[in-house]
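For this one, chain A is given, so just place chain B with the ligands on it according to the hints.
If you read the protein sequences in the order shown, they are chains A and B. Take the first sequence: its letters are residues 114 to 398, numbered as in this note's numbering. Take the second sequence: its letters are residues 18 to 577, numbered as in this note's numbering.
Among the hints, a few may not be true.
Derived list of chain A stretches under chain B, where covered just means 3 residues or more per stretch with a C-beta under 8 Å from a C-beta of chain B [said to hold, decoys possible]:
#1 128-142
#2 172-179
#3 185-198
#4 233-240
#5 336-349
#6 387-395
Quick list of the computed label-pair ranges, beta carbon to beta carbon [to be verified]:
#7 A:Gln391 - B:Gln77: 27 to 33 Å
#8 B:Gly402 - A:Asp146: 31 to 37 Å
#9 B:Gly413 - A:Tyr328: 57 to 63 Å
#10 B:Gly334 - A:His274: 17 to 23 Å
#11 A:Gln321 - B:Thr411: 48 to 54 Å
#12 B:Ser61 - A:Arg346: 43 to 49 Å
#13 A:His274 - B:Val172: 48 to 54 Å
#14 B:Gly32 - A:Leu216: 29 to 35 Å
#15 A:Leu216 - B:Asn105: 28 to 34 Å
#16 A:Gln321 - B:Gly413: 52 to 58 Å
#17 B:Gly398 - A:Lys253: 45 to 51 Å
Some, not all, of what chain B presents toward chain A, calculated at C-beta under 10 Å [stated by the list, open to error]:
#18 Leu224
#19 Gly273
#20 Leu329
Honestly, the hints are just simulated from the structure, not real lab data. Don't be surprised by glycine CBs; every beta carbon is placed ideally from N, CA and C.
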Amino acid sequence: MVDIKQYGEVETAWCPGCGNFSIRKALIQALADSDLEPHQILLVSGIGQAAKTPHYLRCNCFNGLHGRSMPAATGARLANSGLKVIATSGDGCNYGEGGNHFLAALRRNVNVTMLAHDNQIYGLTKGQASPTSLEGMHTKAQPTGVHSYPFNPVAVAVSMHVGFVARGFAGEVEHLAGLIKQALAHPGLSLVDILQPCVSFNKLNTYQWYKERVYKLGEEAEHDPADWDAAIRLSYEFGERIPIGVIYTNDRPAFDSYFPVLDKGPLATQEVDYGAMQKVLDSYC
Amino acid sequence: MSHDSMNLMIGGEAGQGLVTVGQVLAKALVKSGYHILVTQDYMSRVRGGHNTFTIRFSSQKLDSPCEGVDLLVALNQQTLDLHAGELNPDSAVVAETGFTCGQAPCLNVPYEELADKRYLNTVALGVAASLLGLERELVAQTLEAAIGKKKGDKVVEENNQALEKAFAWAQGQTHTLKPPAPAQAGEKRMMLGGNQAIALGALAAGLKFLAFYPMTPSTAIALTVISHAEQMGVVYEQAEDEIAAINMALGASYAGAPAMVCTSGGGYALMTEGVSLAGMTETPLVIAVAMRPGPATGLPTRTEQGDLLFALHGGHGEFPRAILAPGSVKQCFAAGYQALHLAEKYQTPVFILTDQFLADSLRALEPLDLSGLSPVRPGGGGAEGEDYRRYEITEGGVSPRRLPGLGPELVVADSDEHDQEGHITEDLELRVRMQDKRMAKMKGLVADTQAPEFSGPEDADTLLVSWGSSQGPVAEAARRLAEEGQSVATCHFGQVWPLAPAQFAQRFKKAGQVVVIEGNATGQFAGLLKKEAGIAAQRFIGRYDGLNLTPEYILRQLAS
Ligand SMILES: Cc1ncc(C[n+]2csc(CCOP(=O)(O)OP(=O)(O)O)c2C)c(N)n1
Ligand code: SF4
Chain A
114 MVDIKQYGEV ETAWCPGCGN FSIRKALIQA LADSDLEPHQ ILLVSGIGQA
164 AKTPHYLRCN CFNGLHGRSM PAATGARLAN SGLKVIATSG DGCNYGEGGN
214 HFLAALRRNV NVTMLAHDNQ IYGLTKGQAS PTSLEGMHTK AQPTGVHSYP
264 FNPVAVAVSM HVGFVARGFA GEVEHLAGLI KQALAHPGLS LVDILQPCVS
314 FNKLNTYQWY KERVYKLGEE AEHDPADWDA AIRLSYEFGE RIPIGVIYTN
364 DRPAFDSYFP VLDKGPLATQ EVDYGAMQKV LDSYC
Chain B
18 MSHDSMNLMI GGEAGQGLVT VGQVLAKALV KSGYHILVTQ DYMSRVRGGH
68 NTFTIRFSSQ KLDSPCEGVD LLVALNQQTL DLHAGELNPD SAVVAETGFT
118 CGQAPCLNVP YEELADKRYL NTVALGVAAS LLGLERELVA QTLEAAIGKK
168 KGDKVVEENN QALEKAFAWA QGQTHTLKPP APAQAGEKRM MLGGNQAIAL
218 GALAAGLKFL AFYPMTPSTA IALTVISHAE QMGVVYEQAE DEIAAINMAL
268 GASYAGAPAM VCTSGGGYAL MTEGVSLAGM TETPLVIAVA MRPGPATGLP
318 TRTEQGDLLF ALHGGHGEFP RAILAPGSVK QCFAAGYQAL HLAEKYQTPV
368 FILTDQFLAD SLRALEPLDL SGLSPVRPGG GGAEGEDYRR YEITEGGVSP
418 RRLPGLGPEL VVADSDEHDQ EGHITEDLEL RVRMQDKRMA KMKGLVADTQ
468 APEFSGPEDA DTLLVSWGSS QGPVAEAARR LAEEGQSVAT CHFGQVWPLA
518 PAQFAQRFKK AGQVVVIEGN ATGQFAGLLK KEAGIAAQRF IGRYDGLNLT
568 PEYILRQLAS
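So that you can see chain A by itself, here it is in the shape it has in the complex (with noise of 0.2 Å):
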């Protein structure tokens, strides 16, 4: 059995009250009641503050560029399949800088968790609007009001049929940590968007506000997430109500199972076949 205290504790650049305190316990506890120990998993992520995670916690860590988490989790992954990979990074990284490789990865499928911390707004930067702030949100940067309309990134999710997709809530610890393990063990994309307070720059979307609102499936409502029409119907609920808890799944294939070197092990243990290559060479005479 691994133990949370494998996962060490380290002092953050954080401010207190922060919603990433609780992602991080629940992480680190869906990583323990997964037997997962720290040099079997790898942390990818990009930048923002929510993206300093991996550097929080004793693990494998690659913390990249802006918006890039998701690219580099996936070469990452299919260089190693026996490493459990998961992107960590803010709704601005994932959705926003990253919005292109966000659709594309629930497209392609490949076996990666993705935790996005979705405090609707930008934290390191100091509290400019996120593609998830809610629109007519006034920051110094939107004086007169958002007036995009809100990205839904469960909705887009869901509307594209990844296999797995959750929605959490860094104020409800025990069921957040419930959802990363089972999105651990999807064997494909996995995607968890966590609702976080940030107590600095969102005054908006404060813990008293999400904590009126949410509601858990499963417990406080019936769901049956491999139903697409009611999972569609649900993830579009954001206002008054909004469910949390595992929203849609299915068991699509995932892209690592169509290459079958993959199930020799990590790429850097395997031989290179000169013999093949020989063959290869011939094939230009």
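Just chain B with the ligands now, with coordinates in the frame of chain A:
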């Protein structure tokens, strides 16, 4: 005809099958014992327009394409209108009945009488092959292999019949074409283009991951890797954009797969943040850039050497890199192989810089030799367990690189400035030490720099300097000048960064005048020579009309 070689040009619209005719003729020439050098000139469209496929062939080794046409195969009237003026004495023209070619003698082929319209290009192929004295059976076999279908298949049979009729018709014609005699008929040789050779070189070094986004003229590098991926155990992906491609490759390389991306200028522009990431995270990566004329979309299918300084400076911040610039198809193979090894050895981005001319240039090659080659072996070394540090400060700047998931060590890579463990730091004194550590790799890279290749007398009156694909045209221009009795030497740089002046500066001083010849408007390499080695060339000859350098172009410029 010049220098006992012959220039065969096939011209027509995109979609008429002229590349198939060209490739089959080129392959049949190679199989018949000739050396070949192909240049492809095409417009950025899938149908229509005007394209040419030119094969220079000879019994001797060829370095360069040349101007002038000995056999012009015109699939449309426009080809004759545009290229009749380039015909050499004693040349021949193959065209459809009704096409006109001014004063030049024209063999008007009654295509409709010989075969169904669908096989027009096969008839053209047969007539041309017959005029060149190629064996019909050999051409038929080559065509069959190109079609990719078995004997007995209806398409193969009908092609064969068209070919037979074309040969028979051509044998009854009179012409003055005198193809050079093949030198070593029957000897096994390969036919390869620059893009294919880069891919094969990379595979020979153990390439395991490739990501790309299609962009002419680089795409064939990816397509070649993909066509052998299953045999060679390579994982590949066509990414959503070049930014994704390079970040995927970096993720894969971090996790231990020797990785490459390929692109052209515009795609490389998108990749530059990733190049910088490779520099900061010290992740090995090969970036193959096949240049085309810019700025912006420029001339998508034409050639230029305009991105040298961009390859050198692309990516924010300062970090070490190497840039290989192969001059021939054979050197493309070597560059593909060497780039992967260099990238791993110095844990930094390494470039292969080619251009459309070399990328698409098919050539005959002695079979490539795999003996003595070894694969890149990523990872290993350093302290064990808890003591392992990804960015340990070492004398040569290269830190022990472990791979995530292959041992108990945790591998922490970061795009922020980081400490030796890999974690974010804002300790400014440590920042200086980390930057010094990374830049320390330059010393090793300089020591490993491939020396430029000289030929000709040490104290020549004129030293012609080239880099990358201009090697061949410059070599042939120098040969022609030497034949006229002039004192000329050449120097070719197959690696353009870093430069090691100790390897060449003395020799440059002994030469009379130094002339730098490159395919761009501003003399980028000439500038680099001045900055890095204090060598001020007396002259610069540039070409930037989208076409490749030729010996004739160089000689005209030198004379003016
Ligand atoms: C290419 C690039 N553009 C801009 C930035 C600046 N930047 C850093 S983090 C960030 C937004 C962060 O927002 P989000 O991803 O939601 O993460 P949070 O900080 O809220 O957790 C921006 C714009 C950058 N690092 N790189
Ligand atoms: S700025 Fe917001 S998201 Fe960032 S650490 Fe502070 S509270 Fe958390």
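Now the hints, each set against the structure:
1. Remark: the stretch 128-142 of chain A is not confirmed as covered by chain B, as 0 of its residues place a Cβ nearer than 8 Å to a Cβ of that chain, below the required three.
2. Taking a C-beta to C-beta cut-off of 8 Å, the stretch 172-179 of chain A contributes 7 residues in contact with chain B, enough for the three needed, and the coverage statement holds.
3. Chain B is given as covering the stretch 185-198 of chain A, and this holds because 11 residues of the stretch bring a CB closer than 8 Å to a CB of that chain, at least three being needed.
4. For the stretch 233-240 of chain A, the stated coverage by chain B is violated: 0 residues have a C-beta nearer than 8 Å to a C-beta of that chain, whereas at least 3 were required.
5. Counting residues of the stretch 336-349 of chain A whose CB falls under 8 Å from any CB of chain B gives 0; the rule of at least 3 is not met.
6. Counting residues of the stretch 387-395 of chain A whose beta carbon lies closer than 8 Å to any beta carbon of chain B gives 8, which meets the minimum of three for the stated coverage.
7. Separated by about 28 Å at the C-beta atoms, Gln391 (chain A) and Gln77 (chain B) satisfy the suggested range of 27 to 33 Å.
8. A hinted range of 31 to 37 Å for the beta carbons of Gly402 (chain B) and Asp146 (chain A) is inconsistent with their spacing of about 25 Å.
9. Look at Gly413 (chain B) against Tyr328 (chain A): about 59 Å separates their beta carbons, and that is inside 57 to 63 Å.
10. Take Gly334 (chain B) and His274 (chain A): their Cβ atoms lie about 41 Å apart, and the range 17 to 23 Å is violated.
11. A C-beta distance of roughly 53 Å is found between Gln321 (chain A) and Thr411 (chain B), which places it inside the suggested range of 48 to 54 Å.
12. Roughly 47 Å separates the CB atoms of Ser61 (chain B) and Arg346 (chain A), a value that falls within the hinted 43 to 49 Å.
13. Between His274 (chain A) and Val172 (chain B) the beta carbons are some 40 Å apart, a value that contradicts the proposed interval 48 to 54 Å.
14. In this structure the supplied range 29 to 35 Å holds for Gly32 (chain B) paired with Leu216 (chain A), their Cβ-Cβ distance being about 33 Å.
15. Distance hint check: the CB atoms of Leu216 (chain A) and Asn105 (chain B) are about 56 Å apart, inconsistent with the given range 28 to 34 Å.
16. At roughly 57 Å, the beta-carbon separation of Gln321 (chain A) and Gly413 (chain B) lies within the given 52 to 58 Å, and the hint holds.
17. For Gly398 (chain B) and Lys253 (chain A), the Cβ-Cβ distance of about 49 Å falls inside the hinted range of 45 to 51 Å, so the restraint holds.
18. Interface restraint check for Leu224 (chain B): the shortest CB-CB distance to chain A comes to about 9 Å, inside 10 Å, so the restraint holds.
19. Look at Gly273 (chain B): its Cβ gets to within about 3 Å of chain A, closer than 10 Å, so that hint holds up.
20. At a threshold of 10 Å, the smallest CB-CB gap from Leu329 (chain B) to chain A is about 21 Å, leaving the interface hint violated.
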